[in-house]
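Engineer: Starting from the given sequences, assemble the full structure and let the hints guide the process.
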Amino acid sequence: MKITNEFIRSIPKTDLHLHLDGSLRLSTLIDLAKENDVSLPAYTEKELIKKVFKPKYNNLGEYLQGFGYTCAVLQQESALERVAYELGVDNIEEGVRYIEVRFAPQLHQHKHLGIANVLKAVNRGLLRAQNEFNHSDKVKVGHDVPFRYGIIVCAMRMFDYGFSEYFDALLDVHKHSERKWIFSLASQELVKASVEARDRFEIPIVGFDLAGMESGYPAVDHKPAYNLAHKNFLKKTVHAGEAFGPESIFQAITELNADRIGHGVHLFSPEMIADPDIKDKEGYVENLVQYIGDRRITLEICLTSNMQTIPLYTELKQHSFGKMREAGLSVTFCTDNRLVSSTTVTDEIIKAVEAFDISPKELKHMVAYGFKRSFYPGTYIEKRSYVRSVLDAYEAMEKQFATKK
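Heads up, the sequence shown is in our numbering, so the first residue is 1 and it goes up one at a time.
Think of the hints as simulated: they come from the structure by calculation, not from any bench.
Computed from a predicted structure; not experimentally measured.
The C-beta atom is built at its ideal place from N, Cα and C for all residues, glycine as well.
Check the hints yourself; a few may be wrong.
Pairs of lysine-lysine residues, derived as DSSO-like cross-links and limited to a Cα-Cα distance of at most 27 Å, are as follows [claimed, not checked]: (1) Lys361 <-> Lys317; (2) Lys279 <-> Lys323; (3) Lys180 <-> Lys111; (4) Lys140 <-> Lys383; (5) Lys351 <-> Lys54; (6) Lys279 <-> Lys2; (7) Lys46 <-> Lys372; (8) Lys399 <-> Lys323; (9) Lys2 <-> Lys34; (10) Lys138 <-> Lys34; (11) Lys138 <-> Lys383; (12) Lys383 <-> Lys120; (13) Lys50 <-> Lys399; (14) Lys34 <-> Lys50; (15) Lys399 <-> Lys138.
With beta-carbon atoms standing in for the labels, derived distance ranges [as the list claims (entries may be wrong)]: (16) Arg296 <-> Pro224: 40 to 48 Å; (17) Pro224 <-> Lys140: 45 to 53 Å; (18) His143 <-> Lys361: 19 to 27 Å; (19) Gly378 <-> Thr4: 28 to 36 Å.
Structural biologist: Shown next as C-alpha cells:
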C-alpha cells in the first residue's frame, strides 16, 4: 500500500507534545488582542506571519518571541477556554484522536486569576470539544474513534521579571535567595497546585513537564518537584536535548525519572557533551541510546520546530530522527506549536514519510507508539481498550486505501 497524504489525514493520530500558548489560531490571537488591548506588531494574519510567526527562525530565542504575544492575550478564563476549545476542534478535524495539551499555568496566574481557575478554564474548553465530537452520530455508531485528551503542566527551568505577575511576586518575596532555589520552589508549588486541582476538580492532569531555557539551567535543579510529581502519580516528561547535549537527556531520565523526552534532537551529538569527566563521548552516546531503547522511553519528535530553530539543519534528512529510527527507538510525531511552527500532525507525518522513506509497517508502529506511550487519563484496562479500538480503525483504513488505485 502506498502512503498518501489522504491516508495520513484519515488515520487516527496523536499529538503528545502540543503547547497551548503556541497553538492559537491567528485570527483568534488578533481578536483577543483587540478585545484586551494587547499591542501586536500587526493586525492581519499575513503581516503577523511576516513579522513574528516566520517559516524559519534564526535561533530558539527568536522562535520563542511569539509567545510573548500569545501569553499576553491568555490572561482571562474566557480566552483560555476559547483557545483550548478551538485547539481541540482543530485536531479533531484533521483526524487527531488523542492530544496532551501542555502549558505553564503560572504564566497565566495573577491576582485576579488563581491557578485552579486557569486549569479549569482550559479543561472546560477541551471537554466541550471532546463532548461535541464524541456525541456525534459518527462516533455513536462506531464509525470513528472517540477523541480524548490529557493536560500536562509545565514548570519553567528559569524565569525573570516580566514573565508573569506570579513570577514577579515570587522573585520579590525571595529577592535575597539564590535564583535556582526560587525556580525549584515555583516548580514544587506547581506540582502541589496541579495535584490538588486534579483530585478536587477531576481535571485530567496527566503529566508534569519542564520547559524553557535548557542551556545553563540544569534539570536536576527541579528534582524536588519531580519527586513530588512521582509520589503523586503524575507521569513525567522533560524538554531535553533540544538546545543542549546528551547529558541533559541522561539527567532527565536518571535524576527526574522521565517517562518520555521532549525533542531529544541532540541525542546523537557527542561533540555537545560538556562534562570533562566523560572521556569516551562516542561510547557515552552509544550507552545512552541503548538505555533509552531498552526502557522504551519515547521521544516526542517535532521535526518542523527543530528545523526552524537549529541553524545546523539545512534539510530534513539531516534531522537526528533518522538515527533514532535506525536505532529502533520509540518515537512519536508531534507539532510542538501549531501556530509558531505553522504545522499540523498530518504535515509532520507527511514530511517524515517523504524525507525518510518510511514504510507502511513502520508508520503504523510509530503512530501506535503515540497512543501506547500516552499518559492516558483512565485506567490501564481502559487505555488498552482504547488503543485496541485505534488499531482496529487504523487497520480498517489500511484495507480501505489498499483497494484504491
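Engineer: Is Lys50 within 27 Å of Lys399, Cα to Cα?
Structural biologist: Answer violated: Lys50 to Lys399 is near 43 Å, above 27 Å.
Engineer: Taking the Cβ atom of His143 and the Cβ atom of Lys361, is their distance within the range 19 to 27 Å?
Structural biologist: 25 Å, holds
Engineer: If you check the beta carbons of Pro224 and Lys140, does the distance land in 45 to 53 Å?
Structural biologist: 46 Å, holds
Engineer: Sort out whether Lys383 lies within 27 Å of Lys138, counting only the CA atoms.
Structural biologist: With Cα atoms ~21 Å apart, Lys138 and Lys383 stay inside 27 Å; holds.
Engineer: Can you confirm whether the C-alpha distance between Lys399 and Lys323 stays at or below 27 Å?
Structural biologist: Cα-Cα ~30 Å, so violated.
Engineer: Are the Cα atoms of Lys138 and Lys34 separated by 27 Å or less?
Structural biologist: Distance of about 37 Å is beyond 27 Å: violated.
Engineer: For a C-alpha distance cap of 27 Å, please report whether Lys46 and Lys372 respect it.
Structural biologist: Not OK: Lys46 and Lys372 at ~39 Å, beyond 27 Å, violated.
Engineer: Check whether the Cα positions of Lys279 and Lys2 lie no farther apart than 27 Å.
Structural biologist: Not OK: Lys279 and Lys2 at ~46 Å, beyond 27 Å, violated.
Engineer: Okay, Gly378 versus Thr4 on CB: inside 28 to 36 Å?
Structural biologist: 33 Å, holds
Engineer: Straight-line Cα separation of Lys180 and Lys111 no greater than 27 Å?
Structural biologist: Status holds; Cα separation ~24 Å.
Engineer: Is the hinted pair Lys351 and Lys54 satisfied, with a Cα-Cα distance of at most 27 Å?
Structural biologist: With Cα atoms ~18 Å apart, Lys351 and Lys54 stay inside 27 Å; holds.
Engineer: Between Arg296 and Pro224, does the beta-carbon spacing fit 40 to 48 Å?
Structural biologist: 27 Å, violated
The structure shown violates the earlier hints numbered 6, 7, 8, 9, 10, 13, 16.
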